[in-house]
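Enquirer: Model the full structure from these sequences, guided by the hints.
Chains as they are written, first to last, in the numbering used here: chain X, 1 to 172; chain R, 1 to 276.
Source of the hints: derived by calculation from the structure; they are not laboratory data.
From a predicted model like this one, the values you see are computed outputs, not experimental measurements.
Careful, some of the hints might be misleading.
Stretches of chain X that chain R covers, calculated by requiring three or more beta carbons in the stretch to come under 8 Å of a beta carbon on chain R [stated by the list, open to error]:
#1 8-19
#2 46-53
#3 56-66
#4 69-76
#5 111-124
Backbone N, C-alpha and C fix where the C-beta goes; we use that ideal spot for every residue, glycine too.
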Amino acid sequence: MLFWILMALMMLVATLTQASLPVWAVLGYARSPVLLGLVLYYALNHKLWVVVPVAFTAGMLQDGLSMVPLGYSALLFCLVAIVAARYRQLVLSEAAVTAAFFGGIASLVVSLALYLLLRKADLISCKGSVATLHILGSGILGLVTVPVVFLSMAGLHRSLDLIEEEGVDVTA
Amino acid sequence: MREKQFVFWLIALLVVVVLNLPVPATLAVRAGLRDNVAPFQNTMSLVIHQVSLLFSRVGRTAEVLREKQELQVELAELRSRLRRLEQFESENQTLRRQLGFAILSPRRLLLCEVVARGDMSGWWQTLRLNKGADDGVTVGMAVIGIDGLIGRTAAVAKRSCDVLLITDPSCKVACKLVRNGAFGIMQGAGVSMGGRVSLEMLASARPCELDYVSTEHTLQPRDVVHTSGLGGVFPEGLPVGRVGAVRLDSSGLYQQASIIPSADLSTLRYAFVVIQ
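Expert: What follows is the structure, given as structure tokens:
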């Protein structure tokens, strides 16, 4: 139960953090992908049936609080979570370099896919150079942000002694 | 195992349903989410503001202590109180200015506080205000500051609304020059929230661009630009900015100009929604 409460709380904190972190012109105003980091953390450390609801909720939060049509980010986050969960056996989920790698790639891909979807729906009209910078910026921020999210989440789970509980009650 | 598969397929079904939700249902979900998160965002915004104030005060106090160690405690306290009073005075003046602006304006204005900056996805330049449908705000209303036009409401929940800034490329404003009445369409070209022009390396250094100005009218730098009222979104006569550089467009049929917005979007704490 504590696991699920913590997850909901972390989702709220991640949402507020993502909304509050500053954006930089040099990175095309890309947002730090804190919510995506949370999704990746669960994708690399938990079973798929735990991860997919997390990804869906995180995506809905991102869409609901932005001008992106509902469901776009939810769909992309779910796809990213499924792919990350599928290939997690090949990597060390605890390593910071794994988090950075997955974070950078996932953030880049999600940003690119979101841009294409928004462009197709004729919802944005930014220049190609700005969009490129934004997508690359997302990738760079993913490289930096996701390891921090991983470290924080792992530390929190360890300090609350939730590792065992997850293994037995949630991910078994 | 079946239970887990059920959850998986349920989420897949939910994604499909959400992507195909009718517009009213989408708006309701979105409004619900925003209304529930807005108070937390407001609190976070206030906390960040207070912490930054605290840090600046601590820094100043430490500096004073280093420079004037011989000062007695009483004097330090008096200075501290004086600083606080100055801060209150400054805040008082700002609020009086805002109040006076609202009273003197011929339009019905709704004073709002900025609770968040920037879109969660980062693809739009937006602000979130703490007033919404319950206060009479609807989509497409003009939003102004004391110095000029800020943008228009793009999404409205019960107790909050999102404002698309004039610097966003998706925001187009029908404008006219005060000096000679020439009309044009202004479009955002991307300006940083820090008040600096964005993407100096890759894109032009124009905060906004005014297009389709007839060559029959002369454009001069520093010409004042107001909203024209055409298009129905922005009321006529709202100050927008001043003309920067002027040039002919590629076809040679129209003039183009860069526009420096009057309102400083980086330091906004309050904004007015134009209700009527």
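Enquirer: Could you run down the list of hints and mark each one as holding or not?
Expert: The hints, checked one at a time:
For a cut-off of 8 Å, the count of residues in the region 8-19 of chain X with a CB near a CB of chain R stands at 5, and the three-residue condition holds. Figure legend: the region 46-53 of chain X, annotated as covered by chain R; annotation consistent (5 residues with Cβ-Cβ distances under 8 Å, at least 3 required). With 8 residues having a Cβ less than 8 Å from any Cβ of chain R, the region 56-66 of chain X passes the three-residue criterion, so the hint holds. Beta-carbon proximity to chain R at under 8 Å applies to 7 residues in the region 69-76 of chain X; the threshold of 3 is reached and the given coverage holds.
A count of 5 residues in the region 111-124 of chain X with a Cβ less than 8 Å from any Cβ of chain R is obtained; the coverage claim is therefore met, three being the minimum.
Hint compliance for this structure: no hint is broken.
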